[in-house]
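Given the sequences, and given the hints that come with them, work out the whole structure.
Residues per chain are reported as follows:
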Amino acid sequence: MSLQGPIATHRMRTGIPTGRLAVWWGLASEIFIFGGLIMCFLLFKFNNAPGFEDADMTSTAAGAFNTFVLLTSSLSIVLAHAAAEKGDIQASFRYIWFTIGGGLVFLLVKTYEYSSKIYGGITLTENVFWSFYFTATGLHALHVIGGMVIMGMISFDVRKNHNLQRVELIGLYWHFVDIVWIFLFPILYIANF
Amino acid sequence: MGQQAEAILHETEAHDAHHEMSFWDKYIFSVDHKIIGFQYMFTGLIMAAIGGYFAYAFRMQLAWPGEEVPFYGLVDAAKYNMLVTNHGTIMIFWVAMPVLIAAFGNWLIPLMIGCDDMVFPRLNRLSYQIFLVSALVLILSFFVTGGGFGGAWTSYPPLSAVAAYNLTNWGASLWLLAVFLEIVAFLLGGINFVTTTMNARAPGMGMMDIPIVVWMINIAVILFMASVGPLVAGAVMLFFDQRLGTSFFIPSGGGDPLLWEHLFWFFGHPEVYVVLLPTMGIVAEIITVFSRKKLFGYRTILYTAFGTGGLSFIVWAHHQFVAGIDPRMANVFVVTTILISIPIAEMLFSFIATLYGGSIEFSTPMLWALGFLVSFLIGGVTGIYLGASALDVYFHDSYFVIAHFHYTFFPITIIGMFAAITYWFPKMFGRMMDETLNKIHFWGTFIPFNGLFLPLFLVGMAGQHRRIADFTQYPDLASPDLQSIRIFATVSLVILLLFQFVFIYNFFNSMFKGKKAPLNPWKANTLEWTVSSPPPHGNFAELPTIYRGPYEYSVPGREEDYWPQHLAPNQ
Chain A
0 MSLQGPIATH
10 RMRTGIPTGR
20 LAVWWGLASE
30 IFIFGGLIMC
40 FLLFKFNNAP
50 GFEDADMTST
60 AAGAFNTFVL
70 LTSSLSIVLA
80 HAAAEKGDIQ
90 ASFRYIWFTI
100 GGGLVFLLVK
110 TYEYSSKIYG
120 GITLTENVFW
130 SFYFTATGLH
140 ALHVIGGMVI
150 MGMISFDVRK
160 NHNLQRVELI
170 GLYWHFVDIV
180 WIFLFPILYI
190 ANF
Chain B
0 MGQQAEAILH
10 ETEAHDAHHE
20 MSFWDKYIFS
30 VDHKIIGFQY
40 MFTGLIMAAI
50 GGYFAYAFRM
60 QLAWPGEEVP
70 FYGLVDAAKY
80 NMLVTNHGTI
90 MIFWVAMPVL
100 IAAFGNWLIP
110 LMIGCDDMVF
120 PRLNRLSYQI
130 FLVSALVLIL
140 SFFVTGGGFG
150 GAWTSYPPLS
160 AVAAYNLTNW
170 GASLWLLAVF
180 LEIVAFLLGG
190 INFVTTTMNA
200 RAPGMGMMDI
210 PIVVWMINIA
220 VILFMASVGP
230 LVAGAVMLFF
240 DQRLGTSFFI
250 PSGGGDPLLW
260 EHLFWFFGHP
270 EVYVVLLPTM
280 GIVAEIITVF
290 SRKKLFGYRT
300 ILYTAFGTGG
310 LSFIVWAHHQ
320 FVAGIDPRMA
330 NVFVVTTILI
340 SIPIAEMLFS
350 FIATLYGGSI
360 EFSTPMLWAL
370 GFLVSFLIGG
380 VTGIYLGASA
390 LDVYFHDSYF
400 VIAHFHYTFF
410 PITIIGMFAA
420 ITYWFPKMFG
430 RMMDETLNKI
440 HFWGTFIPFN
450 GLFLPLFLVG
460 MAGQHRRIAD
470 FTQYPDLASP
480 DLQSIRIFAT
490 VSLVILLLFQ
500 FVFIYNFFNS
510 MFKGKKAPLN
520 PWKANTLEWT
530 VSSPPPHGNF
540 AELPTIYRGP
550 YEYSVPGREE
560 DYWPQHLAPN
570 Q
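Chains A and B, in that order, are what the protein sequence lines are.
If you count the first sequence from 1, position 8 lands on 7 in numbering that gives the first Met the number 0, and the numbers rise without skipping.
If you count the second sequence from 1, position 163 lands on 162 in numbering that gives the first Met the number 0, and the numbers rise without skipping.
Calculated directly from the structure, the hints in this document are not laboratory data.
Heads up, some of the hints might be wrong.
Derived contacts from chain B toward chain A, CB cut-off under 8 Å, selection only [stated by the list, open to error]:
1. F119
2. G244
3. S251
4. G253
5. P256
6. S388
The beta carbon of each residue, even a glycine, is placed where N, CA and C say it ideally should be.
What follows is the structure, encoded as structure tokens:
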């Protein structure tokens, strides 16, 4: 165990390492942010607000492909964690970058979707449905980008055999990003339910 | 980690701490929880001065409409709106939260649970820095073209969403950005608080040995985390409405303004308890110490806090009884709202039971704590009137609401803050405050506070609406009777504000020239009183082990009437 920082950081009354505990609390508060956004969307939808039939116009194929990509990248971050646990830092480093690659593919597909909509004349202000579409997926994409950046930073630490526990922490976060997408995909892509 | 390893770790730490630090490293970019607590406290106190100054300006306008206000100038309708909006925003987000939760949370949690710092010191510093930026953004918003936001602290759309309505194009957006940043700062700080309390407690300190104030701050933080999320989403949506032309909350574009009210109050009502619970905790500490008695019903107080927290999530729509919600739905919220007074009343009864039969010492912190109980009681009881939808239809948006609100929030924020500062001052600065000046300040605040807000119940019942800058245009409300009540309230406010200079003088004078404080001036049991005053970086010379709960006062068969938590049973 490294002897950095105050003693408080190294105490473990709950039996859960401090970092993991903090990530869980952070994710808990994120759940309420995305939860609030999704609840708002559903309230509009169940009140039959006009424009929500436009869910037909989003590309279910692109969304499904992205779901697949994101789920696969979640698998690879788990493999990175497993490798780090075993002390195989090279494999862990590779799996982390495989995960970042998954995030990149996700973002490229997203860019394609955004640009085809915007060139098709549909922007943020088209109607409330599209406002939600761009806001929710945009906020989610920001989380993907943030996750990729942090993962990149962690990967170089891992190669130096530093802070291996952080692979697990970013993995928790990455799963959360994944789960948010699992909620966004049906309500925004799989047309009117 | 074993205690031996901790001791070794602590030694290496202590050596690191002995480096001479520059002023900037020591006070501005510090990662020490106590310094960050001070940063929050002083920022909060400066913001309180701004908020108080705003209150002075608009109360003067109400008492003497259309006349130039000394030290401010003319208050026209737009300025009036800006003043009341930002008075509310500042007092909630930049005074109550930073002082009660962030300042005392930071200061007390590591000391009271017996560890050397927060678990994430750098996250802690980041939290304060974001908070500081948020305060600066808010202050900046007063100076942009069009002036500060004037759409009330609740920021209801479409008024807040459309620049053509609120006439404060940039003021409204900067206000929203500032609130957003403030929330982010508190989420980061909150994660740190909860993680620290869960994981970093001293050996021997079980869940039921944690001082109530630490419990309360943690429950408040969790309530905040769970309630603020939808408002964060809402703030993003409202910001897009303002700046990017979406219509989430604008009816003409298919949006729903009522949705914002739900998002806002789903946060806004738990927020009341977010700031109330820390003050309840502070009062619990003070009351036990100064009545030399064990806290009555430690567990009961905890369970009522959990109950209050749970219930606070299902009462929000009582703010919207006249906003067009279904009356059948309103009935549900009437029931939950009136239910929530039960756990809070139970908590107050526990405090009264603690006082009963105790050897009460009327020191200044105790006076503030008792003042809190008395005045919060009035605030709570008048809340029952407003929680009943039938009465609320009449009282809504009247000064009755203003009076009720301030009878809850003034005790929580201002009285709670002074109680805590006067109680922990000896530990914070190593010196005693002047007790005479403290008492003058207490009475000079407490009496005018009642003189200010009791009359507002009367004008409220007479039908005075809360958002009017100048009552001379309304013959029924401009009668000399009502006007003299308004003048009485304003004069009380000015007296109240003037007495704060006594506090400011006493605070700084005692900080530098006060009598040196003994280690444990109040003979209290909790751990913060075992460290030197002010505590050094790293807090404890030797990290303590805990043997008992925090409220073992007047234990039979013991020579001394207190029994600190860290003393072994044979000591």
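Give me the numbers of the hints this structure contradicts, sorted from smallest to largest. 3, 5 and 6
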